[in-house]
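Colleague: Using the sequences provided together with the hints, build the complete structure.
Sequences listed follow chains F and X, in order.
Residues 0 to 164, numbered by numbering that gives the first Met the number 0, are exactly what the first sequence covers, in order.
Residues 0 to 164, numbered by numbering that gives the first Met the number 0, are exactly what the second sequence covers, in order.
Do not rely on the hints blindly, as some may be mistaken.
Put simply, identical chains are the same to the list, so a pair is met inside one copy or across any two.
Unchecked claim - Under the rule of at most 30 Å between Cα atoms (straight-line distance), these lysine-lysine pairs were calculated in the DSSO-like manner:
#1 K74 <-> K120
#2 K74 <-> K41
#3 K74 <-> K86
#4 K109 <-> K86
#5 K86 <-> K41
Don't read these hints as lab results, they were simulated from the structure.
Number of protein chains: 2
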Amino acid sequence: MADLKPGFNPLFLREEELRQGMELLFYAYRDFAEEADAILAKYQLGRAHHRTLYFVGRHPAITVSELLSILRITKQSLSRVLGDLVKEDFITQRPGLRDRRRRHLELTPKGVEIERMLSQKQRACIARAYRSAGAEAVEGFRKVLLGIVNDRDRRQIEGPLAPRP
Amino acid sequence: MADLKPGFNPLFLREEELRQGMELLFYAYRDFAEEADAILAKYQLGRAHHRTLYFVGRHPAITVSELLSILRITKQSLSRVLGDLVKEDFITQRPGLRDRRRRHLELTPKGVEIERMLSQKQRACIARAYRSAGAEAVEGFRKVLLGIVNDRDRRQIEGPLAPRP
DNA sequence: GGTTTTAAGTCAGCCACGTTGACATATATG
DNA sequence: CATATATGTCAACGTGGCTGACTTAAAACC
Numbered sequence: 000m001a002d003l004k005p006g007f008n009p010l011f012l013r014e015e016e017l018r019q020g021m022e023l024l025f026y027a028y029r030d031f032a033e034e035a036d037a038i039l040a041k042y043q044l045g046r047a048h049h050r051t052l053y054f055v056g057r058h059p060a061i062t063v064s065e066l067l068s069i070l071r072i073t074k075q076s077l078s079r080v081l082g083d084l085v086k087e088d089f090i091t092q093r094p095g096l097r098d099r100r101r102r103h104l105e106l107t108p109k110g111v112e113i114e115r116m117l118s119q120k121q122r123a124c125i126a127r128a129y130r131s132a133g134a135e136a137v138e139g140f141r142k143v144l145l146g147i148v149n150d151r152d153r154r155q156i157e158g159p160l161a162p163r164p
Numbered sequence: 000m001a002d003l004k005p006g007f008n009p010l011f012l013r014e015e016e017l018r019q020g021m022e023l024l025f026y027a028y029r030d031f032a033e034e035a036d037a038i039l040a041k042y043q044l045g046r047a048h049h050r051t052l053y054f055v056g057r058h059p060a061i062t063v064s065e066l067l068s069i070l071r072i073t074k075q076s077l078s079r080v081l082g083d084l085v086k087e088d089f090i091t092q093r094p095g096l097r098d099r100r101r102r103h104l105e106l107t108p109k110g111v112e113i114e115r116m117l118s119q120k121q122r123a124c125i126a127r128a129y130r131s132a133g134a135e136a137v138e139g140f141r142k143v144l145l146g147i148v149n150d151r152d153r154r155q156i157e158g159p160l161a162p163r164p
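Modeller: Structure below.
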């Protein structure tokens, strides 16, 4: 163990650094996701429902296939969850005007309400972390996470706040 | 929509900023976790096995209850996964010397091997993101993620690299 | 030394949420 | 008209969570 002291073995330090990052991602995601569980339980919903509510709220009029490519699950998996949400009147579907095969998804007022309750807790969690870390840290947080995301998705994600010149 | 331009409605901007952070966390975790799936599939293992292998490798001689508190699952859930890993000779258990009720877990050579293969892909993913974001961004990434983690766990996580003065 | 507490394991059953594969329907497109 | 596309559906299955009840061994307590 003596030769593994940081400073003596740069490779060790690098691996240690990377593992800490991996763990941080695990712990943060674990605790972040947990924030909404209590509310979800009250409505007999699971995390899959939450993700669906979130992204439909975020991308109004999103189509089923677009949603599938965000969630990266099969349409069969989504259909159960989406079925629940439509049945319980959290989400509505309407056929596209230009292409009537597509179903555009939208939150109902009830859907908006629960989505806001759910994301409010999670937003508070992020806000707390942002506040204590500072603006500069937030910029770094975003940069690194964006680097972890697949190339294809990266473009669209970084779009909204950083419109390309 | 006109009155929602950034600069005119700071609350909107703040919520937008927070939602972007939430999404970034989702997308990054999604893609990060996916990195190891191909290898896991070859060995007929799932992500739960991976998490167990990872944390046992990271905390040699960890006890079952310590592992449970990291993973935040029940012992019944862990027992299946752990049972597989012991049966396949990825992990060994040995009773503690001081307290013989405790089972200390350790990776076998075969366990070390697969753990390195798995984490290697994920480390490469993090390394790539770190490299492209820069050292300062990495510091911010760590600060923010640490802020998202529950208070109790935060102490132990930040310990290793930042020994308190 | 006997009682209680603790660490771990086990059995049984259940649920959430992912998968594959096959097939149906409506609509758009060439 | 033929083909491709978007969606939905039925069925079966796998993983990985959960609760609840119970056991065993060992430590800790009085």
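Colleague: Hints first: check each against the structure and report whether it holds.
Modeller: So, going through the hints one by one against the coordinates:
1. K74 <-> K120: Result: close both inside a copy and across copies, 29 Å intra and 28 Å inter.
2. K74 <-> K41: Both, since 26 Å and 25 Å are each at most 30 Å.
3. K74 <-> K86: within (17 Å within a copy, 35 Å between copies)
4. K109 <-> K86: within (12 Å within a copy, 49 Å between copies)
5. K86 <-> K41: The answer is within: 17 Å in one copy meets 30 Å, while 39 Å across copies does not.
This entry satisfies every hint, going by the numbered hints stated previously.
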